[in-house]
Amino acid sequence: MDIRPILASLRRHRIPALLIVLEIALACAVLCNAVFMISQRVASIHLPNAIDEAGIAEVTLNGTDPELAGSDIPRNLAALRGLPGVQAAAVVSTLPLSQNNWGWGFGTKPGDALTDRSSRNVSMYFLGSGGDAALGLQVLEGRSFNDGDYADSHFDKSPLPETHVVLVTRSLAGKMWPGQPAVGKTLYATPHYYTVIGVVADVLRPYIGDANSPANYDAAFFPMSAAGSKGALSHYVVRSAPRDRDRLVREAEQKIADLNPGGVAHGRGYPEIRRRYFADMSSMAWMLVLVCVVMLAVTAFGIVGLTSFWVNQRRRQIGIRRAVGASRAHILQYFQTENFLLSTGGVALGMALAFGINVYLMHRYEMARMPWFYLPAGAIALWLIGQASVLGPALRAAAVPPVVATRSA
Amino acid sequence: MFQYYLDLALRSLKRNKALTALMVFAVALGIGASMTTLTVFHVLSGDPIPGASGTLFYPQLDPQDMDGYQPGKEPPAQVTWIDGMNLLRAHRGVRQALMTGGAVPVQPAQSDLDPFFSDARYTTADFFAMFQAPFLYGHGWNAADDDAKARVAVITRKLNDKLFGGKDSTGQTLRIKDTAFRVIGVLGDWRPNPHFYDLNTGGYRGVEDAFLPLTTFRDLRLDRNGSMDCWGRGGGDEDHLETATCVWLQFWVQLDDASQAAAYKQFLVNYSREQHDLGRFQRPPNVRLRSLMQWLDYNKVVPSDVRLQVYLAFGFLLVCLVNTVGLMLAKFMRRAGELGVRRALGASRRNVFAQLLVESGVIGLAGGLGGLGLALLGLWAVRHQPSDYAELARLDPTMLLTTFLLAVGASLLAGLLPAWRACQVAPALQLKSQ
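For the protein sequence lines, the chains are W and B, in the order given. With positions in the first sequence counted from 1, the corresponding number in the numbering used here is that position plus 55. With positions in the second sequence counted from 1, the corresponding number in the numbering used here is that position plus 251.
One should not assume that every hint holds.
Claimed, not checked - Residues from chain B shown here face chain W by an in silico Cβ test under 8 Å; the list is partial: (1) A284; (2) D556; (3) V570.
To be verified - Keeping only pairs whose Cα atoms sit at most 30 Å apart, straight-line, the calculated DSSO-like set for lysine-lysine is: (4) B:K324 - W:K164; (5) W:K285 - W:K164; (6) W:K240 - W:K212; (7) W:K285 - B:K400; (8) B:K428 - B:K413; (9) B:K400 - B:K413; (10) W:K164 - W:K212; (11) W:K285 - B:K428; (12) W:K240 - W:K230; (13) W:K164 - W:K240; (14) B:K551 - B:K516; (15) W:K230 - W:K164; (16) B:K324 - W:K230; (17) B:K400 - B:K428; (18) W:K212 - B:K428; (19) B:K428 - B:K409; (20) B:K418 - B:K428; (21) B:K551 - W:K212.
These are calculated hints, taken from the structure and not from any lab test. Heads up, the beta-carbon is just placed ideally off N, CA and C, and yes, glycines get one too.
Next up, chain W with everything else stripped away, as it sits in the complex (with noise of 0.2 Å):
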């Protein structure tokens, strides 16, 4: 189809013309960005985390004597156990995105303290006896802790636990000891050392930087004692089948608080606990895809609305055209084409401001690059709405009869 002539008349109507390459260029620009920050929620709220979600309930217990831990964990873990369903419970020091971190610095080499530059710092889970089976760590390399590894662990003086063992996630074994194997390596925190025992799969820390974050599942478990516990471990799991889970989260938090009558229970499933972490990051991507649907359904009406204003106001010079013998498809296309023209335009602008805010965002709010595919999807977006939205027109235009060329206005 020849686009000269429509150009010359796009000519003659420059401002409005104008104002639909605005629009578009302006809703363009919008939805890149906006669909690229709904992405990385999205991404950080479903992260995979390497135990057993669905199966985990989880109760606090707060303000018991730590000197009767000992006993109290024991007993606690007994009541556990007896309740239906129930196909593991242990008690932790803390859960994966529970926001509650005990985080340290360690090193790969002797001597390596806590503020060398070459320390990692590790989120801690200590775990009482049972703890792997309990959260379901996956032991991908070398073995999980024995009795032995739990009975003889304890804290001393120090915020690290007296014991010789650790078991690390993939990702950190991969980072501390990469293209080796992990198991058999030792962890320094001078003057304490864990020799690695075994690989688990990821499993995220308590609290977690963006989804790009290359430290997010930088965790460590050590065994801990339950009479040397010291108070670290007051979250009790209790993992069974999914289906069983939310009723134990109510069993076991009133086991918990019989058990414990000078203590606060509290407890929850860890979807929950999940959901939680996440929540604001949630109602952020769905106010973002809110504002999208609604910011390309107001473009949408723009564009019918000045395309039948326009098509109004060439009923007589479309009635000509009709009756020197255009046919209704070549009214339908010229303003079908007269769309793709002006998107066109749109669109070339749009991708162009998209990535200018995608650069100001990354310099003033630690924004990552957007990925360069979301500017042609998000034109190809612009370019079918607005083709869609020229066709009630453009189909009413086409209906006008070539009569009207010979009707005086």
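Chain B: place on chain W using the hints.
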């Protein structure tokens, strides 16, 4: 004249209901989204103590060893126990307070209430006066109580309602971790926003329910919350926090004018030098004395998501406005004939321009009303979010006024170009084609 234009505008708007509705709706959506996000931003970036925030300062010292030293790097965000106590006892400010957060197990006297955990703030005597905390009953403690590690507590109205049924509870006993505390004060409604005095425990949470002397907290080894940064051999061992090479306390000072602030900054430099000479500090003096608002700004306390939302909403408003400009242009140009007749009958360009602006103003007003409704709805939705700041998202009179100014201003602006274009129409040409 205005009334006539208004009448004309309403007639014209009624003639094409779908188009009018579309324009009003677009303006309303844009305004609603912008005002919702702007209100949240306005609330979050507010002044926690209007009137007094200019006199409150947050001193920072650099007590770290030379490991990892880089000249010009920011000093730690908190102070050690030793430095905090030294600054407190130096009494160089009008008032000063040292503090940290924590949680305490409360054991109610009533048998029908289970024990529960309450957030606590461990601080020193000047806290209440310096931060203008309002007392409903009683008063705070004094420096002698601090020295004596007194078992006294100030509680909030919320905790007072829960434990004592809202009665004046001063003199009553509050059991915390098997220790009897005497309630000496009940705070009235107080929610400084942001939670400026300790940003580690959440920027927008409400105030803690129990306030206890800092010395008492250490004496009883109560639980501590917050952030702790250590260096050298410092290990965060809870039994030796007083001597640990760790920063974990917040120190605030009240300085009433600029000369006091300058003198205090000099005092901090001198103090650092003196500590350096004593061998405690190893780095050259590196001090900061930020005012309250500067401290909030430095800590980027407003979540970046909230700023992004404001940008996004204004981008959206811009799309809506461009859309309205386009639609209004279409509408005005379609009436070229009518306007041509008015011009031919003697209306000047200025008259026609005014008439069209009134019409766009009406759309703006209607859009503003709709936008207000949507903003109220949006804020209601924000209040049902689980964020710390959710309950604060409310429209105040300033923002209400801003909404209307924004709506009418934006649509008048949107009306300018179409109205101007429509005025350019040559009356003769329009009359001829009729």
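Checked hints:
The interface hint given for B:A284 is met, as the beta carbon of that residue sits about 6 Å from the closest beta carbon of chain W, less than 8 Å. For B:D556, the shortest C-beta to C-beta distance to chain W is roughly 5 Å, which falls under 8 Å, so the interface hint holds. A hinted interface residue such as B:V570 counts as satisfied when its beta carbon comes closer than 8 Å to some beta carbon of chain W; here the least separation is about 5 Å, so the hint holds. Straight-line distance between C-alpha atoms of B:K324 and W:K164 comes to about 28 Å, which keeps the hinted pair within the 30 Å bound.
Restraint check for W:K285 and W:K164: the C-alpha separation of about 29 Å stays at or below 30 Å, so the hint holds. Straight-line distance between C-alpha atoms of W:K240 and W:K212 comes to about 25 Å, which keeps the hinted pair within the 30 Å bound. Of the pairs offered as hints, the one joining W:K285 and B:K400 holds, with about 25 Å between alpha carbons and a cut-off of 30 Å not exceeded. Simply put, B:K428 and B:K413 have alpha-carbon atoms about 18 Å apart, close enough for the 30 Å limit, and the pair holds.
The straight-line distance between the Cα atoms of B:K400 and B:K413 is roughly 26 Å, inside the 30 Å bound, and the hint therefore holds. At most 30 Å may separate the alpha-carbon atoms for a hinted pair to count; W:K164 and W:K212 meet this at roughly 23 Å. With a C-alpha separation of about 17 Å, the suggested pairing of W:K285 with B:K428 holds against the 30 Å cut-off. Proposed proximity of W:K240 and W:K230 is supported: the alpha carbons are some 13 Å apart, at most 30 Å.
Proximity of W:K164 to W:K240 is assessed by CA-CA distance (about 10 Å); at most 30 Å being required, the pair is judged to hold. Distance hint between B:K551 and B:K516 is fulfilled; the C-alpha atoms sit about 23 Å from each other, no more than 30 Å. Between W:K230 and W:K164 the CA atoms are separated by roughly 14 Å; this keeps the pair inside 30 Å, and the hint holds. For the hint linking B:K324 to W:K230, the alpha-carbon distance of about 28 Å falls within 30 Å, and the restraint holds.
For the hint linking B:K400 to B:K428, the alpha-carbon distance of about 16 Å falls within 30 Å, and the restraint holds. Of the pairs offered as hints, the one joining W:K212 and B:K428 holds, with about 23 Å between alpha carbons and a cut-off of 30 Å not exceeded. A distance of roughly 20 Å separates the Cα atoms of B:K428 and B:K409; the hinted pair therefore holds under the 30 Å criterion. Between B:K418 and B:K428, the direct Cα distance comes to roughly 23 Å. Compliance with the 30 Å bound is thereby established for this hinted pair.
Distance check on the hinted pair: B:K551 and W:K212 sit about 36 Å apart at the alpha-carbon level, beyond 30 Å; violated.
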